[in-house]
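K.L.:
With the hints as your guide, set chain B onto chain A.
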Amino acid sequence: MDTQLLADRVWEAVQSTTAISPLTDTNPELTVDAAYAIQEDILERHTRAGATIAAAKLGLTSRAKQQQMNVSEPLYGWLTDAMRVEGKAVVDDYIQPRAEPEIAFMLGEELAGPDITTAQVIAATEAIAPALDILDSRFAGYQFTLADVAADNSSAAGFVLGAPVAPPSDLSVIGCIFEKNDDLVATAAGAAVMDHPAAAVAWFVRKLHERGRTLPAGMTVLAGAWTAAVPIAAGDSLRATFDRIGSVELEAT
Amino acid sequence: MSHAVVTDRATESRRLADELHTTRLARNEIETLTSRVPGLDLDWAYEIQQAGIDLRLAEGERLVGGKLGFTSVAMQRAMGVDSPNYGWLTGSMLIHDRAVHLDQLIHPKVEPEIGFLLGTDLQPDCTASDVLEATIGVFPCLEIVDSRFRDFRFEPLDNIADNSSAGLLVIGDAAVKPTGFDLARVGAVMRINGQVVGTAAGAAALDDPAEAVAWMARSTRTRGLRSGDLVISGGLTAPVDLEAGMLVSVEIDRIGEAHFRVI
Chain A
57 MDTQLLADRV
67 WEAVQSTTAI
77 SPLTDTNPEL
87 TVDAAYAIQE
97 DILERHTRAG
107 ATIAAAKLGL
117 TSRAKQQQMN
127 VSEPLYGWLT
137 DAMRVEGKAV
147 VDDYIQPRAE
157 PEIAFMLGEE
167 LAGPDITTAQ
177 VIAATEAIAP
187 ALDILDSRFA
197 GYQFTLADVA
207 ADNSSAAGFV
217 LGAPVAPPSD
227 LSVIGCIFEK
237 NDDLVATAAG
247 AAVMDHPAAA
257 VAWFVRKLHE
267 RGRTLPAGMT
277 VLAGAWTAAV
287 PIAAGDSLRA
297 TFDRIGSVEL
307 EAT
Chain B
3 MSHAVVTDRA
13 TESRRLADEL
23 HTTRLARNEI
33 ETLTSRVPGL
43 DLDWAYEIQQ
53 AGIDLRLAEG
63 ERLVGGKLGF
73 TSVAMQRAMG
83 VDSPNYGWLT
93 GSMLIHDRAV
103 HLDQLIHPKV
113 EPEIGFLLGT
123 DLQPDCTASD
133 VLEATIGVFP
143 CLEIVDSRFR
153 DFRFEPLDNI
163 ADNSSAGLLV
173 IGDAAVKPTG
183 FDLARVGAVM
193 RINGQVVGTA
203 AGAAALDDPA
213 EAVAWMARST
223 RTRGLRSGDL
233 VISGGLTAPV
243 DLEAGMLVSV
253 EIDRIGEAHF
263 RVI
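Which chain is which? The protein sequence lines are A and B, in order.
Every position in the first sequence, counted from 1, becomes a number in the numbering used here once 56 is added.
Every position in the second sequence, counted from 1, becomes a number in the numbering used here once 2 is added.
To be clear, the hints were calculated from the coordinates, so they are not data collected in a lab.
Glycine included, every Cβ here is placed at the ideal spot set by N, Cα and C.
Incorrect hints may appear among the rest.
Just some of the chain B residues that point at chain A, by a computed CB distance under 10 Å [stated by the list, open to error]: (1) LYS111; (2) ALA190; (3) ASN195; (4) VAL198; (5) GLY200; (6) GLY204; (7) ASP209; (8) ARG223; (9) LEU238; (10) THR239; (11) ASP255; (12) ARG256.
Same shape as in the complex, but just chain A (with noise of 0.2 Å):
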């Protein structure tokens, strides 16, 4: 199996915003391991064009995702300045953009090691904002096995944050309000991100470690989605509101 292969049709999926069909229809016997190899691979490429990375993203935290794609466990990828969004999105920039409500986490100290826990993430976080994660798998109709979607950097295409703010107490009883147009989409509280949001985080710095890496002091983490993504169309206005935390919007054209 040649992985640079495998990256180059990702690449050129994301560079042409175009979809492709899933690695695993021609290489079934991609591993997770593997696939988070083309996924450095693609991070690499996207920093040689000049990004740089700006935050880390968690997805497929909830256990109904992980039942579905039946899988025991989250997925990590990666966010580039370039795939920051200050309130417009573009959806000709996207092959088939959604989004969802979560909240990041902003770490005021390093956070490595093999067993790390929710109360230490916690501990080491400086501040929360709220934020909604634009996901575009570059497989066509979001089919895809686990190694494929990590090798796709988790569906990683755009992200907007609000404004930062203390850490409230428990973040596992945090509200969200997910609306689109003005719509109640979904509601939520923190513990549907694996019965707490740091829970996730420290989950990413556990995983990490197993790769020879840490979560640095500075680093933002969007640690993973309160309600199901929806898709979104030019004209749409999408806003999630968090309580005890803010919210944040985005207009789509």
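P.N.:
The following block gives chain B in isolation, referenced to the frame of chain A:
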């Protein structure tokens, strides 16, 4: 000489209410009314509901408040309706020892709700802010819904006649005055045996739980919502089937916690 037997609607309502009442007490299931009662409409369905409440009051029960159903857009879409419905709570529905006995129920489910204890009567033109002003305190609640219809399957009118699937109610200890925060935004987490089974924010009930209560105050037919009533404002998450041994809890941010054990 033969007479066509003509029963008036009030008599028929009492007969159907009695059938639902007996079914509840015997823990049976019956066929839906919509499948066998020609001409059943919204007014009639609420008349059957009221006849059922009258039966309970005649047996010495006390009316303690009201309840909302179909308050989520998802549920309304699934049921093909564009408004919520309401029912009534009686004293015997309240659980005081945090134990729900399956042998008192047919096929119960649980959903977390926000309960409002009213300190003044609500007027028939009331708004969400009137509700908040009239509210002494809000409570975390777990409503045990139970349908008298086979397999918990019914049309919206059946549900109204069946008192909006009212079953039992567990009320948490805390009561909080709903001022200084927005009930639409509070988070709710329902757990079974410690596992998260559903999360929501208050807005899941008609965009705002206080608006759900106001809707009931504007919509009731026989009796308004009064001082002293407890009104539960509609399920916040999808209902979950109850099974023996479950420990069910809900935690509602800024309000408190309620829990019970299934026996």
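K.L.:
Determine for every hint whether it applies to the structure shown.
P.N.:
Okay, the hints, checked on the actual structure:
no. : hint   : result
1   : LYS111 : violated (18 Å)
2   : ALA190 : holds (6 Å)
3   : ASN195 : violated (13 Å)
4   : VAL198 : holds (5 Å)
5   : GLY200 : holds (9 Å)
6   : GLY204 : holds (6 Å)
7   : ASP209 : holds (6 Å)
8   : ARG223 : violated (28 Å)
9   : LEU238 : holds (7 Å)
10  : THR239 : holds (9 Å)
11  : ASP255 : holds (4 Å)
12  : ARG256 : holds (8 Å)
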